[in-house]
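Whenever a hint applies, use it, and build me the whole structure from the sequences.
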Amino acid sequence: MPDTNTEARHSVDSFHRDAFRLVQPTGRGHRSGVDAMLVASALPGGLEGAVADLGAGAGAAGFAVAARCLKTRVTLVENAPEMAECARRSIALPENTAISDRMRLIEADVTLSGDAREEAGLLRNAYAATIMNPPFNSASDRATPDVLKRAAHVMDDTLFETWLRTAAAITMPGGLLALIARPASLSPILDALKGRFGGARIVPVHGRAGNPAIRILLRAQKGNRAGLTLEPPLILRDEDNRVTERAEALTNGQAALFGD
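Residue numbers (full-length UniProt numbering): 1 to 260.
Fair warning: there could be bad hints in the mix.
Taking CB as the label site, the calculated pair distances span [unchecked claim]:
id, residue 1, residue 2, range
1, R208, L228, 37 to 45 Å
2, E239, E118, 49 to 57 Å
3, E119, P81, 13 to 21 Å
4, G114, N241, 23 to 31 Å
5, L70, R246, 18 to 26 Å
6, K71, D18, 34 to 42 Å
7, G49, E95, 22 to 30 Å
Read the hints as simulated data drawn from the structure, not as lab findings. As the structure is a prediction and not an experimental result, all values here were calculated from the model. C-beta atoms are modelled at their ideal positions from N, C-alpha and C, and glycine is treated no differently.
Now the structure itself:
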């Protein structure tokens, strides 16, 4: 829904049945949708403490966590100046007053390490949970001419190693990691989890029953040494192309992916 105070290059969009709104670019860049809502649903509703949303864009997943998990404080981490400005403006929207005092923005590169990462404000062992909806298109895929969108969508070969290195550094012992990615990225994700996060629970996401999975949702715990669990799939649409009841609840903040 457009805002009369926002120029034509941006819109203000409603999420979680208008629990929060986001300022987003129009006609370019990444516009948040189902993926961001699903990764936010992977955290327990009763989670307490600080949550980091790495590569937050305009802040959709982080806002979704804050709207559903009322005892959290969310840090949006975004490096692209225009998307960071969208996040900043989203926090300032009067419609978001109920949750904005639990939101903050850090403009930083997720791939920073060591002292540089800490100097940017991403402190070691500071977060009860870290979430990410990273770029997951291969560089070999057909590239968009939209530079802002390409930065949000296209990953390099080391993405999961560098992003999960940061997640492991900033997440407290016993804290949670939640991410969404393409099924083809499962192998590098599992490699990057080793020695960092364990007890991974993976939910394959299918557009329709009988079709191949289009996404995977993963939740793991820092320091956990348990093995991987493959959970029942999440089906987004039924045979009549209607959004399934479960998908509707998850994308609107009415349920948690793992039932907690």
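Are E239 and E118 spaced within 49 to 57 Å by their CB atoms? holds, 51 Å
Evaluate the given range 13 to 21 Å for the C-beta pair formed by E119 and P81. At roughly 19 Å between Cβ atoms, P81 and E119 fall inside 13 to 21 Å, so the hint holds.
Given a hinted range of 37 to 45 Å, is it respected by the beta-carbon distance of R208 and L228? At roughly 25 Å between Cβ atoms, L228 and R208 fall outside 37 to 45 Å, so the hint is violated.
Whether the CB-CB distance between G114 and N241 falls inside 23 to 31 Å: Distance hint for G114, N241 is violated at roughly 49 Å.
Does the Cβ distance between K71 and D18 fall inside 34 to 42 Å? Check failed, 22 Å falls outside 34 to 42 Å.
Just to be sure I understand the hint, the distance between the Cβ atoms of G49 and E95 should be within 22 to 30 Å; is that true here? For G49 and E95 the Cβ distance comes to about 25 Å; the hint holds.
Consistency of beta-carbon spacing, R246 to L70, with hint 18 to 26 Å: For R246 against L70, whose Cβ atoms are near 22 Å apart, the range 18 to 26 Å holds.
In summary, the structure is inconsistent with hints 1, 4 and 6 from the numbered list given earlier, while agreeing with the others.
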